[in-house]
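**Student:** Listed below are the residues making up each chain.
2 protein chains.
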Amino acid sequence: MHDKHISSAFDRDLEALQALIMKMGGLVEASIQQAVRAFLDRDLDLAEQVRTTDRRIDALEHEVNEEAATVIAKRNPMATDLRTVLAVMKIANNLERCGDYTKNLAKRTTALAHMQPVAEAAPAIRRMSRDIEAMLKDALDAFAQRDAELAGQVIERDEDVDQMYNAVFRELLTHMMEDPRNITAGMHLHFIAKNMERMGDHVTSIAEQVVYLVTGEMPEERRPKSDDTSFVEGNEVV
Amino acid sequence: MHDKHISSAFDRDLEALQALIMKMGGLVEASIQQAVRAFLDRDLDLAEQVRTTDRRIDALEHEVNEEAATVIAKRNPMATDLRTVLAVMKIANNLERCGDYTKNLAKRTTALAHMQPVAEAAPAIRRMSRDIEAMLKDALDAFAQRDAELAGQVIERDEDVDQMYNAVFRELLTHMMEDPRNITAGMHLHFIAKNMERMGDHVTSIAEQVVYLVTGEMPEERRPKSDDTSFVEGNEVV
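These protein sequence lines are chains C and A, in that order.
Mapping of the first sequence onto the UniProt record's numbering: position 130 corresponds to residue 130, and the numbering continues sequentially without gaps.
Mapping of the second sequence onto the UniProt record's numbering: position 91 corresponds to residue 91, and the numbering continues sequentially without gaps.
Simulated from the structure, these hints should not be mistaken for lab results.
All clues given are correct.
Same chains, same names: a pair is fine if it fits in one copy or spans any two.
Only pairs whose alpha carbons sit at most 35 Å apart, straight line, appear in this in silico DSBU-like list of lysine-lysine: (1) K90 with K194; (2) K90 with K137; (3) K90 with K23; (4) K194 with K137; (5) K137 with K23; (6) K23 with K194; (7) K74 with K23.
Produce the entire structure from the sequences given, and follow the hints as far as they go.
**Tutor:** Take a look at the structure:
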C-alpha cells in the first residue's frame, strides 16, 4: 500500500493539481468579469451565466479536494511537499469563495434591475472589480511561479480595495440620507461593494499561501484589517 | 522516515487534534456570548475582551493546522483517517471564521455606542445568536460523537437563522425609510445580522463535515441558499 515517495510521480501529481487551480482561477476571473458586466449593463442573461460558471467552480474545488487527498494518501509527501498540497486545497477554497461572491453579485443584479439606479456607485464598483481581477491574476501568477515578492505586492494592494470600499460605504450613506427611495438599492449596492472587498480578502489569502509556500512563514500580522466603516462616528457621514 | 501507520499512535494524535477543536469551539461559544452581551448592554470593555478571545481562537487554528500537518506527515493516514484529519482542518477554519464575525460584531458595537439605538433590532439579534450558539453546541457534539443525525438537524436549523435574518433585513429597511437618522445605525445593525447569518453558514459547514466524516458523502445539494433579500422587489419593503 505504501508507495515510496517517488519524486517524479509526486511532481506529476502536483502539476495536475496546479493545473486544476489555474483552471479554477481562470473561471473565477471570467466570473468576476461576467458578473460586473451584467451588473453595469443590467444584463440578466449574463447574470444567469454567472450561476452556471459558479457551479463549474464548485465542481472544480471538489475535484481539487479529492485529488489532493489521493495524492497525500498515495505519496505520503513530507515537509514542503505536504505543505504545498495543503496550500493548494486552501487556495481552491479561497477561489470557491470568490465564485460565491460573484454569484451573489449576479443575484443582486437581478434584484436591482427593478429599482432606480444609484448611478454614482457603478464606477466605484467597476474600479474595485478591476483591481480585484488584477490582484487575482497576479496571485495566480505568483502561485504558478512561486514568486513571493509578487505575492507580497498583492497583499499590499488589498489596502486600496479596502479604501475604495470605505469610500463607497460613505457615498451610499449620503445618497440614502438624501433620498429614502435610494435606501433599498443602497443596501444592495452596499453589499455588492462589501462582497468585492471580501473577494479582495480571499485573493489576499491566496497570496499569503504563496508566501507561506515559498518562505515557510505566513506573512507577518496577517493582512491589515480591512473594513473601517465601523468607525464612522455618530450619525454623520465623515 | 516512514513510520508505519500504528493505529493507537494515530488515534492518540487524532484525539489531541479533536481536543483542540473542542477547545476552539468552547472559545467561539464564549466569544458569541460576550459579543452579543456587549452589543445588547453597550458594554465596550466586554467588546474589547472579544478581540482578545479572537486572538486565542486564531492561535488555536494555527496550532490545529500545524498539528494536522505533522500527523499526516508522521502517520501517513489512509482513507477514513486522512479524511478525518482534513475535516478537522476545515472545521478549525470554520470556527476561526466564526471568531472573526464575533470580533466584527464587537467592532460595530463600539461604533454603535455613539448612535441612537434602533431598539427593535436587539431582540432579533439576540434570538439569532441564541439559535447559532445552540447549533454550534450541537455541531460540536455531533463531531465529538460522530453523530450524523444530529449534524443533519443542525443543517436544517440553518433555515431558521436565514429566515430571521430576512425578517431583520426588512424591519431595518422600514426603520431607515421612516427616519433617515436611523440609516447609519441601520447599516451597522444590518451587517451584524448578516454576519450572524454567515456564522450560521459556517456552523452548517461544520455539521456538513461531520456528515461527510460519518457517511463518506457530503449532504446532498449543500445547504439551501440562505439570503433571499436580493429578491426584495422594487423599492417596496415586502
